[in-house]
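**Student:** Below, each chain spelled out in residue letters.
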Amino acid sequence: DQQVKQNSPSLSVQEGRISILNCDYTNSMFDYFLWYKKYPAEGPTFLISISSIKDKNEDGRFTVFLNKSAKHLSLHIVPSQPGDSAVYFCAATPYNNNDMRFGAGTRLTVKP
Amino acid sequence: DVKVTQSSRYLVKRTGEKVFLECVQDMDHENMFWYRQDPGLGLRLIYFSYDVKMKEKGDIPEGYSVSREKKERFSLILESASTNQTSMYLCASSPPRGSGANVLTFGAGSRLTVL
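Chains A and B are the protein sequences, given in the same order. Just so you know, we're using the numbering used here here: the first sequence kicks off at 1 and counts up by one. Just so you know, we're using the numbering used here here: the second sequence kicks off at 1001 and counts up by one.
Next up, chain A with everything else stripped away, as it sits in the complex:
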C-alpha cells in the first residue's frame, strides 16, 4: 500500500511557464516532506523540503506548498526551464525518523 502517491506519471510544459507537480499522502504520522529530482543514470538529488509547521517554502524558482488537512503537497517551478526536465519524486517521513517513503514519480518535460 503506497503511503505517498503521485497520480500523474508525466507532465509536459512550455519553457517559461509554471510547472505544478502534485503529491498526496495517507499516513498522518508524516510531518516532513521532500522533493527529489532524478536525471537518467543518476541517483535522486534533494531539491526542497517542508515541515508540517509550515504551509509554504521557497527556494529560488521552486516553491513547495503543504495542505495538511487535505494531506496534499505540490511543487511549483516558475519559470520552467528545459534543464528542469527530469523525474520528480515526492517523499515523506516522520520528523527525525529514518523511515522515508517515496511516491512513484512524475516525469517533467519542459519544451523549449
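Since the hints were derived computationally from the structure, they do not count as laboratory data. Some clues are possibly wrong.
Restricting the straight-line Cα-Cα distance to at most 30 Å, the calculated cross-link-like pairs of lysine-lysine (DSS-like) are [unchecked claim]:
#1 B:1057 / A:71
#2 A:37 / B:1057
#3 A:54 / B:1071
#4 B:1057 / A:5
#5 A:68 / B:1057
#6 B:1071 / A:37
#7 A:5 / B:1070
#8 B:1003 / A:5
With chain A held as given, fit chain B onto it using these hints.
**Tutor:** Quick look at chain B alone, frame taken from chain A:
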C-alpha cells in the same frame, strides 16, 4: 563534496546466482538505506541500517539481506537472484536522528538484470 558510491553500475546475473551490491559513503553518516526503483512504483525501501551491525526491514525485504560491518559500508545481498529482482538499486545515506533535516544522499544506482 559528499559522496555515496555504488561499486557496480551495471550487472547481469543468472537466476539462482548470489549477488552482492556494495555501497560506500564518505560522510560519516549513521543511517544507510537500500531502495529499488521500478517504473510506476517509484522508490521502495528494502532495508535500512541506523548503526553498524544494525538493520531494519523496509517495505519489500523478501529475497534480500544486508550487511553493515563498518559504518561507511552497506551491502545488499540477493541470496538466489530471480528475474523479478531485475531493477535499479539505489543506496542512500543520511545524518543521524536529531540532526534536523532527513535528507538522503543517493548513489548513482546499480542496474541489475537477472536472466
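**Student:** Next step is simple, just say for each hint if it's right about the structure.
**Tutor:** Cross-check of the supplied hints:
no.	hint	result
1	B:1057 / A:71	26 Å, holds
2	A:37 / B:1057	25 Å, holds
3	A:54 / B:1071	34 Å, violated
4	B:1057 / A:5	21 Å, holds
5	A:68 / B:1057	28 Å, holds
6	B:1071 / A:37	27 Å, holds
7	A:5 / B:1070	35 Å, violated
8	B:1003 / A:5	29 Å, holds
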